[in-house]
Amino acid sequence: MESAFGFRLLPTTLLPHHHALNLRLSRLQRLSFVEQQRSRKNVVRSCYGSDENGSADGFQFTPTKIFMEEAIGAEYGEGFETFRPDGPLKIDVDFLNDRLQEGFLKRIRYAMKPDEAYGLIFSWDSVVVGTQALKLSAWKQLAHEEGKVIPDDDDVQRLLLHGAADHVLNKVLLWENEACELERLKSKLSQLYSNNLLELSEPTEGLKEWLDAVSTARIPCAVVSSLDRRNMVEILEKLGLMKYFQAIVTEEDGMDSMAHRLLSAAVKLDRKPSKCVVFEDDPRGITAAHNCTMMAVGLIGAHPAYDLVQADLAVGSFNELSVINLRRLFAHRGSTFMELQKQVVEKTPPRRRLTIDTIF
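Here the sequence shown stands for residues 562 to 921, numbered as in my numbering.
Be careful, since some hints might not be right.
[To be verified] Think about it this way: if two alpha-carbon atoms lie no more than 16 angstroms apart in a straight line, the pair counts; the simulated EDC-like pairs of lysine to aspartate or glutamate are:
#, residue 1, residue 2
1, 732, 744
2, 804, 770
3, 701, 677
4, 674, 663
5, 732, 742
6, 799, 760
7, 829, 814
8, 732, 716
9, 804, 773
10, 769, 881
11, 732, 714
12, 799, 763
13, 667, 653
14, 769, 814
15, 651, 663
16, 651, 763
17, 709, 763
18, 667, 831
19, 701, 713
20, 651, 631
21, 829, 714
22, 829, 653
23, 701, 714
[Said to hold, decoys possible] Quick list of the computed label-pair ranges, beta carbon to beta carbon:
#, residue 1, residue 2, range
24, 831, 867, 57 to 63 angstroms
25, 676, 713, 29 to 35 angstroms
26, 769, 791, 35 to 41 angstroms
27, 642, 888, 30 to 36 angstroms
28, 714, 813, 43 to 49 angstroms
29, 817, 740, 18 to 24 angstroms
30, 756, 666, 45 to 51 angstroms
31, 866, 712, 45 to 51 angstroms
32, 677, 717, 45 to 51 angstroms
No wet-lab data here; the hints were simulated from the structure.
Backbone N, C-alpha and C fix where the C-beta goes; we use that ideal spot for every residue, glycine too.
Just need the whole structure built from these sequences, with the hints factored in.
Structure, rendered in structure tokens:
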């Protein structure tokens with residue numbers, strides 16, 4: 562008897578005794594693995610209070626990094642590791658700046674259209690959309706449903722926006738100490754925030770006009786976020802912004818820090834990091850951009866201007882920007898392609914003229 566792929570199949574009765582024993586053992590191993598997976602699911606369900614459909618208290622359980630304080634990353638230029646058929650490949654800042662150098666044809670094109678050499682990377686929170694009010698609303702909804710009270714103190718409100726959910730729930734609000742209950746509250750908080758995001762109707766003021774301008778200049782753009790890809794695409798399509806972004810970096814990309822997410826965006830845009838401009842409202846995100854040798858434009862709003870002094874340019878809104886601002890950001894570096902370079906000519910000593918006196 563042959564299978565559909567041409568392999569000859571033997572009945573188990575014709576196999577030797579030790580082969581049949583191996584088959585029984587492999588079946589037992591598979592059964593034990595299935596039982597382990599079922600037990601893990603039961604533990605998760607009991608911990609999160611989920612029903613038989615896999616939802617936690619009516620909320621779909623999906624791991625998220627929305628309310629986590631991420632690491633900045635790339636403090637020493639380190640990157641992330643990817644896998645190739647010939648083995649793992651470590652990608653760091655210097656590696657990308659070297660490998661993503663423009664070829665000869667691209668140099669000619671960028672000499673005629675220099676704006677196309679840049680890549681723009683937009684942070685999601687408070688840059689593409691205003692998320693501060695949505696985060697505070699999610700915290701208030703959670704407190705209302707759990708019968709808790711959130712203080713009106715300014716420091717507490719600031720931590721609700723920028724702090725990690727673990728720290729806020731356990732150390733600031735003092736709601737819970739048990740791990741299972743903390744995970745349930747974090748999952749519920751993330752789901753409330755995701756639901757609030759779906760109600761967005763307008764992006765940040767001036768963003769569409771700015772994206773129209775850079776799209777006309779044929780500058781590729783990317784957006785980075787800790788949201789999942791499905792929600793990100795859905796919101797961008799609803800806001801009419803999907804057509805402007807050539808690359809999206811989300812939670813599914815598995816990046817461990819802010820800097821790694823920016824490097825991933827540079828790879829997807831096919832631009833070396835030193836030619837990318839990051840639009841951020843968080844000082845930590847600006848530091849991550851500089852660690853990746855990228856330029857950073859700080860958007861004043863979520864943080865005051867004096868917190869964004871390390872940005873290469875700080876603006877109150879996108880209406881203050883023009884494409885020429887991008888060129889000015891790189892003006893001090895100069896153009897390294899298709900530009901006349903000064904050749905250093907060493908001065909050679911003057912030749913000595915030999916004269917011979919002839920006596921007649």
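Evaluation of the provided hints:
| no. | hint | verdict |
| --- | --- | --- |
| 1 | 732 to 744 | 15 angstroms, holds |
| 2 | 804 to 770 | 13 angstroms, holds |
| 3 | 701 to 677 | 44 angstroms, violated |
| 4 | 674 to 663 | 14 angstroms, holds |
| 5 | 732 to 742 | 14 angstroms, holds |
| 6 | 799 to 760 | 10 angstroms, holds |
| 7 | 829 to 814 | 11 angstroms, holds |
| 8 | 732 to 716 | 13 angstroms, holds |
| 9 | 804 to 773 | 10 angstroms, holds |
| 10 | 769 to 881 | 13 angstroms, holds |
| 11 | 732 to 714 | 15 angstroms, holds |
| 12 | 799 to 763 | 9 angstroms, holds |
| 13 | 667 to 653 | 23 angstroms, violated |
| 14 | 769 to 814 | 26 angstroms, violated |
| 15 | 651 to 663 | 21 angstroms, violated |
| 16 | 651 to 763 | 39 angstroms, violated |
| 17 | 709 to 763 | 31 angstroms, violated |
| 18 | 667 to 831 | 12 angstroms, holds |
| 19 | 701 to 713 | 11 angstroms, holds |
| 20 | 651 to 631 | 21 angstroms, violated |
| 21 | 829 to 714 | 42 angstroms, violated |
| 22 | 829 to 653 | 15 angstroms, holds |
| 23 | 701 to 714 | 14 angstroms, holds |
| 24 | 831 to 867: 57 to 63 angstroms | 36 angstroms, violated |
| 25 | 676 to 713: 29 to 35 angstroms | 47 angstroms, violated |
| 26 | 769 to 791: 35 to 41 angstroms | 23 angstroms, violated |
| 27 | 642 to 888: 30 to 36 angstroms | 35 angstroms, holds |
| 28 | 714 to 813: 43 to 49 angstroms | 37 angstroms, violated |
| 29 | 817 to 740: 18 to 24 angstroms | 22 angstroms, holds |
| 30 | 756 to 666: 45 to 51 angstroms | 48 angstroms, holds |
| 31 | 866 to 712: 45 to 51 angstroms | 28 angstroms, violated |
| 32 | 677 to 717: 45 to 51 angstroms | 46 angstroms, holds |
The structure fails hints 3, 13, 14, 15, 16, 17, 20, 21, 24, 25, 26, 28 and 31 (numbered hints given earlier, in ascending order).
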